[in-house]
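Position one of the sequence shown corresponds to residue 83 (my numbering), numbered consecutively onward.
To be clear, the hints were calculated from the coordinates, so they are not data collected in a lab.
There could be a bad hint or two in this list.
[Claimed, not checked] Derived DEER-like restraints, expressed as beta-carbon distance ranges:
hint: 1; residue 1: ARG363; residue 2: THR249; range: 21 to 27 Å
hint: 2; residue 1: ARG350; residue 2: LYS326; range: 44 to 50 Å
hint: 3; residue 1: LYS99; residue 2: GLN141; range: 19 to 25 Å
hint: 4; residue 1: HIS120; residue 2: LEU351; range: 29 to 35 Å
hint: 5; residue 1: ARG136; residue 2: ILE347; range: 43 to 49 Å
hint: 6; residue 1: LEU158; residue 2: VAL358; range: 24 to 30 Å
hint: 7; residue 1: LYS130; residue 2: ASN162; range: 23 to 29 Å
[Unchecked claim] Below, a list of computed lysine-lysine pairs in the DSBU-like style, where the Cα atoms sit at most 30 Å apart:
hint: 8; residue 1: LYS99; residue 2: LYS130
hint: 9; residue 1: LYS130; residue 2: LYS111
hint: 10; residue 1: LYS297; residue 2: LYS214
hint: 11; residue 1: LYS187; residue 2: LYS214
hint: 12; residue 1: LYS138; residue 2: LYS175
hint: 13; residue 1: LYS124; residue 2: LYS186
hint: 14; residue 1: LYS297; residue 2: LYS316
hint: 15; residue 1: LYS175; residue 2: LYS127
hint: 16; residue 1: LYS186; residue 2: LYS214
hint: 17; residue 1: LYS95; residue 2: LYS127
hint: 18; residue 1: LYS124; residue 2: LYS95
Every residue, glycine too, gets a C-beta built ideally from N, C-alpha and C.
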Amino acid sequence: MFSIIIPSYNSEKTIGKTLASILSQTWTKFDVLVVDNHSTDKTEKIVKSFNDDRIKFYQIDNGGMPAISRNYGISLSNSNYLAFCDSDDCWDKNKLAMCAVYVKKGSGFIAHSLRLTGSPSKLGLGKVFQRKPARTFEEFVENGNNIAQSSIVIRRDILDRVGLYSTDAKFIAVEDAHLWCRILRSGENLAYISSSLGSYHYSSTALTFKANQFKANRALRLEYFPNIKPGWYKYNIATYLMRKNMDRRAFRYLMSIMLGASTSIELRLKSFFLLVQLWFR
Numbered sequence: 083m084f085s086i087i088i089p090s091y092n093s094e095k096t097i098g099k100t101l102a103s104i105l106s107q108t109w110t111k112f113d114v115l116v117v118d119n120h121s122t123d124k125t126e127k128i129v130k131s132f133n134d135d136r137i138k139f140y141q142i143d144n145g146g147m148p149a150i151s152r153n154y155g156i157s158l159s160n161s162n163y164l165a166f167c168d169s170d171d172c173w174d175k176n177k178l179a180m181c182a183v184y185v186k187k188g189s190g191f192i193a194h195s196l197r198l199t200g201s202p203s204k205l206g207l208g209k210v211f212q213r214k215p216a217r218t219f220e221e222f223v224e225n226g227n228n229i230a231q232s233s234i235v236i237r238r239d240i241l242d243r244v245g246l247y248s249t250d251a252k253f254i255a256v257e258d259a260h261l262w263c264r265i266l267r268s269g270e271n272l273a274y275i276s277s278s279l280g281s282y283h284y285s286s287t288a289l290t291f292k293a294n295q296f297k298a299n300r301a302l303r304l305e306y307f308p309n310i311k312p313g314w315y316k317y318n319i320a321t322y323l324m325r326k327n328m329d330r331r332a333f334r335y336l337m338s339i340m341l342g343a344s345t346s347i348e349l350r351l352k353s354f355f356l357l358v359q360l361w362f363r
């Protein structure tokens, strides 16, 4: 029923644990496609050491774009439902079984909460994927992307309708959010499982947290909601400006968030936390 797609690159330290967590699933109707970007470490050896016919290993030159690896995995898969997991994340053993319940109810776009492991950002990242994500496009615009890549299950016909992950360089670091926007805008609502069914590993070197996410988020906004600067977007700008030591500009954005009539309590608290940091810098 499920094809699980895992992009990898020099993942020898983590991919063994990732695959072990997937093979421990109580729901056993799945296959795994590891799409590797020609790793130079022992990633291939570790993947092939698992004596399980459900695991397939492929290599592709993705030019530094994980979206290309995910799209290649999608093209090779045969299942009607596609699940995605990063090579340093892990699933609880009941993850697929829980998702299968929603599949049987007719859901085609499913996500769940994830526990955060590793070293969280000093800029108030917190348990980012334990917040309730947007179920509709309107909620996505207002609240931003709280949909974790490693929690997603998508029915194939949805991708046939809206397209695969964008390989446009301007969306690197937010190619997942770009796809979620297209899915939600098409009228497909997200089915959300509030239980934590896995763990998301935060790494300070992760692509998602590099400075180019700021430019990518701007490109995303200009394409999908050019006339709106929601609070989460202003917060993203403020954290970027703080990394660049542009504190006065960051202060203005944070105060704009604090004074916004529709700003959530959580975002106000995060913004206040950054304002305190600015005060003592």
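Consistency of the hints with the structure:
no., hint, verdict
1, ARG363 <-> THR249: 21 to 27 Å, "violated, 38 Å"
2, ARG350 <-> LYS326: 44 to 50 Å, "violated, 23 Å"
3, LYS99 <-> GLN141: 19 to 25 Å, "holds, 21 Å"
4, HIS120 <-> LEU351: 29 to 35 Å, "violated, 43 Å"
5, ARG136 <-> ILE347: 43 to 49 Å, "holds, 44 Å"
6, LEU158 <-> VAL358: 24 to 30 Å, "violated, 49 Å"
7, LYS130 <-> ASN162: 23 to 29 Å, "holds, 27 Å"
8, LYS99 <-> LYS130, "holds, 14 Å"
9, LYS130 <-> LYS111, "holds, 20 Å"
10, LYS297 <-> LYS214, "holds, 25 Å"
11, LYS187 <-> LYS214, "holds, 20 Å"
12, LYS138 <-> LYS175, "holds, 20 Å"
13, LYS124 <-> LYS186, "violated, 39 Å"
14, LYS297 <-> LYS316, "holds, 13 Å"
15, LYS175 <-> LYS127, "holds, 24 Å"
16, LYS186 <-> LYS214, "holds, 22 Å"
17, LYS95 <-> LYS127, "holds, 12 Å"
18, LYS124 <-> LYS95, "holds, 9 Å"
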